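Engineer: Top line first, the protein sequences correspond to chains Z and R.
The opening residue of the first sequence carries number 1 in my numbering; numbering runs sequentially from there.
The opening residue of the second sequence carries number 1001 in my numbering; numbering runs sequentially from there.
Careful, some of the hints might be misleading.
What the hints assert, rightly or not - Just the calculated beta-carbon pair ranges, DEER-fashion: (1) 1247/R x 289/Z: 54 to 62 Å; (2) 67/Z x 1264/R: 38 to 46 Å; (3) 102/Z x 1169/R: 56 to 64 Å; (4) 110/Z x 1085/R: 53 to 61 Å; (5) 68/Z x 1106/R: 18 to 26 Å; (6) 81/Z x 1157/R: 45 to 53 Å.
Claimed, not checked - A few chain R positions that, by computed beta-carbon distances, are all more than 12 Å from chain Z: (7) 1023; (8) 1057; (9) 1109; (10) 1168; (11) 1169; (12) 1242.
What the hints assert, rightly or not - Under 7 Å between C-beta atoms, here's a sample of chain Z residues computed to sit facing chain R: (13) 63; (14) 64; (15) 67; (16) 69; (17) 129; (18) 131; (19) 150; (20) 270; (21) 271.
The set of hints was computed from the structure by calculation and includes no laboratory data.
Keep in mind that this is a model prediction, so the values were computed, not measured.
Yeah, the Cβ is synthetic: ideal placement off N, Cα and C, and Gly gets one too.
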Amino acid sequence: MAIDVTTSAQREVMTAGIAPPERPATLAAVAAPGKANLFRSLVATRTFMALCSFALFVCLWHLVATWVGNRVLLPSPVQVAGALYQLGVEGEIFEHALVSTTRLAISLAVAVALAIPLGFAMGLSDRLNAYLDPFIELLRPISGIAWIPLALFIFGVGDALPVFIMVYVAFFPLLLNTVAGVRSVDRKLLNAARTMGVKPAPMLMHVLVPAALPMVMVGFRLAFAGAWSAIIAAELIGSPNGLGFAIEWYRELLMSPKVYAFILVIGVVGYLCDLLLRALQRVLTPWIEGTELA
Amino acid sequence: MSSIVTSIAPPRLSRRAWLIQMTLVPLVLIGIWEVWAVLANDPRAPAPTRVIESFIDLVAHGGLILATLQSLGRVVSGFAIALVVGVFLGILMGSVRWVRNLLDPIVESFRPIAPMAILPIAILWFGTGTPAALSIVAYAAFFPLLLNTVHGVSQVDRKLVLAASTMGVSRWRILTNVVLPASLPSVLLGSRLAMGVAWTAIIAAELGVGAKSGGGGSGGIGAMMFVFYAYNIDLNAIVVCMIVVGVVALLIDRLFRFAERRLMPWRS
Chain Z
1 MAIDVTTSAQ REVMTAGIAP PERPATLAAV AAPGKANLFR SLVATRTFMA LCSFALFVCL
61 WHLVATWVGN RVLLPSPVQV AGALYQLGVE GEIFEHALVS TTRLAISLAV AVALAIPLGF
121 AMGLSDRLNA YLDPFIELLR PISGIAWIPL ALFIFGVGDA LPVFIMVYVA FFPLLLNTVA
181 GVRSVDRKLL NAARTMGVKP APMLMHVLVP AALPMVMVGF RLAFAGAWSA IIAAELIGSP
241 NGLGFAIEWY RELLMSPKVY AFILVIGVVG YLCDLLLRAL QRVLTPWIEG TELA
Chain R
1001 MSSIVTSIAP PRLSRRAWLI QMTLVPLVLI GIWEVWAVLA NDPRAPAPTR VIESFIDLVA
1061 HGGLILATLQ SLGRVVSGFA IALVVGVFLG ILMGSVRWVR NLLDPIVESF RPIAPMAILP
1121 IAILWFGTGT PAALSIVAYA AFFPLLLNTV HGVSQVDRKL VLAASTMGVS RWRILTNVVL
1181 PASLPSVLLG SRLAMGVAWT AIIAAELGVG AKSGGGGSGG IGAMMFVFYA YNIDLNAIVV
1241 CMIVVGVVAL LIDRLFRFAE RRLMPWRS
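Work out the full structure: start from the sequences and follow the hints.
Structural biologist: So this is what it looks like as structure tokens:
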């Protein structure tokens, strides 16, 4: 059940866990002296290559932008940087980013409050799971985006719509991963604790929660990724502020550099939030470092 | 709490008990919904019976089927573009280390940018027609395809590749006969995930394009939903569209799972 949605977990395996396969050493590599060696060791470091790739990307972008020569269609990186600076000085970026991240935090909190207790209950009780699972599987294929028109009608344009959509989107990965996490708890641990007379409440706090936490954290990161993607759609269609609104607003004004600047901000904020979640994951579940779930 | 510890072997259910378990909660909720709609006494309030009427109506007019097919057509073409580009780049990044180190930062920085964030640019470049929707679908489907292909290719057993090259097999044939089959499970998993996000993305794109171009324009089921919201104010029809969206998503998922089982019988 959890495997279906673990792309990001797999991704982690790729970047952190397994080293990429070595290419068979060529003759040149053996014979390369002096300067070439320095170059080679530079190429081998990630940061250097990352810098190279960003530099290449910006150069390419600039060249294409010059070739297109249309400020509205494709502004150059310099123009976008200028727009970014201007928006930053005026504080508009921080305003919209704050609105979006606040909504994100609220909806994730609501989703956690709803999904995790329910997930524990469904993971612990086969009967509850048997009754609720069909309903959840019925609802799950309907994407959060498809709720937007109906939710627009119910909540109108404003804060409630993006929050509702994000809670809906974040709910399913959190719930399913919590259920899977609780179910994967080693039965021997539970039996051992029971044999030693551990009461239900300490059992929950000291055995079940720590054992299920890694999967819950994976679910949380998936929930975040889904919600961050959904908020843009929700704000773009039905909100008077936020990052999603901002890109569409400046598109309508044909102020493309600002559109690109805001898209950049969406990427950066998303990336920073993911870094934060990874740090949280390391703090809460340090023991899973280097496993599939990390 | 004690139930999980004791229920090592779940009791076998009779067919009837299983059927009750499967349908009880959904049926009760649908019943509550119907009662609520009757009590609300508003002819516009969506109710299960009206949704069914609306469904029959929409199918009879042919509009719903046409819109669904249009959306599906866009998803498939966008997916095809992403498949070609994603798998090609994925193989390259999975097998050549410096390409991967070079492209990885770029891919990683685009990944947190939602497909819908690309919509304003897509509208600027392509207008409000099919190409804009298509580009968003391709963008959305690209990442799962690429990442899973890279993962699959880089996990191919080196011994197999070395054995083949020892026996003098050309690089091209190693790629097509060793690396590709070995990474097929990952590519298929990536395809299934990609198709899922592509279907979500097309609804978002059509909704967004519909919302921003004053309704209609692009067609497809997402635009249809927006027209029902903004012009006809027909909530039952919106619910019908939502259900269709869900059913199509489910069918796509099942189709890919079936393909996975058929193409890789050794996995299950």
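Engineer: Hints first: check each against the structure and report whether it holds.
Structural biologist: Evaluated hints:
1. Taking 54 to 62 Å as the suggested C-beta distance range, the pair residue 1247/R and residue 289/Z does not conform, at roughly 41 Å.
2. For the hinted restraint 38 to 46 Å between residue 67/Z and residue 1264/R, the CB-CB distance of approximately 45 Å keeps it satisfied.
3. Separated by about 58 Å at the C-beta atoms, residue 102/Z and residue 1169/R satisfy the suggested range of 56 to 64 Å.
4. Range check, residue 110/Z to residue 1085/R: about 38 Å between beta-carbon atoms, so the 53 to 61 Å window is missed.
5. Between residue 68/Z and residue 1106/R the CB atoms are about 20 Å apart, so this pair conforms to the stated range of 18 to 26 Å.
6. Between residue 81/Z and residue 1157/R the beta carbons are some 46 Å apart, a value that agrees with the proposed interval 45 to 53 Å.
7. Not every C-beta of chain Z lies more than 12 Å from that of residue 1023/R, the closest at about 7 Å, which undercuts listing it as non-interface.
8. No Cβ of chain Z approaches the Cβ of residue 1057/R within 12 Å, the least distance being about 18 Å, so the stated non-interface status holds.
9. The beta carbon of residue 1109/R sits about 6 Å from the closest Cβ of chain Z, which is not more than 12 Å, so the claim that it is off the interface is violated.
10. Against chain Z, the non-interface label of residue 1168/R holds: every CB pair exceeds 12 Å, the least being about 15 Å.
11. Listed as a non-interface residue, residue 1169/R keeps its Cβ farther than 12 Å from every Cβ of chain Z; the least gap is roughly 14 Å.
12. Some Cβ of chain Z comes within 12 Å of the Cβ of residue 1242/R; the nearest lies about 5 Å off, and the non-interface call is violated.
13. Among the interface hints, the one on residue 63/Z is violated; its C-beta lies about 16 Å from the nearest C-beta in chain R, farther than the 7 Å criterion.
14. Given hint, residue 64/Z at the interface with chain R, is violated; its Cβ is 12 Å from that chain's nearest Cβ, farther than 7 Å.
15. A least Cβ separation of about 15 Å between residue 67/Z and chain R goes past the 7 Å threshold, and the interface hint is therefore violated.
16. Checking residue 69/Z against chain R: minimum C-beta separation of about 14 Å lies over 7 Å; hint violated.
17. With a cut of 7 Å, the hint placing residue 129/Z at the interface with chain R is violated, because the nearest CB-to-CB distance is about 10 Å.
18. With a cut of 7 Å, the hint placing residue 131/Z at the interface with chain R holds, because the nearest CB-to-CB distance is about 5 Å.
19. At a threshold of 7 Å, the smallest CB-CB gap from residue 150/Z to chain R is about 5 Å, leaving the interface hint in force.
20. Given the 7 Å rule on beta carbons, the hint for residue 270/Z holds: about 3 Å separates it from the nearest Cβ of chain R.
21. Given hint, residue 271/Z at the interface with chain R, holds; its Cβ is 5 Å from that chain's nearest Cβ, closer than 7 Å.
This entry does not satisfy hints 1, 4, 7, 9, 12, 13, 14, 15, 16, 17, going by the numbered hints stated previously.
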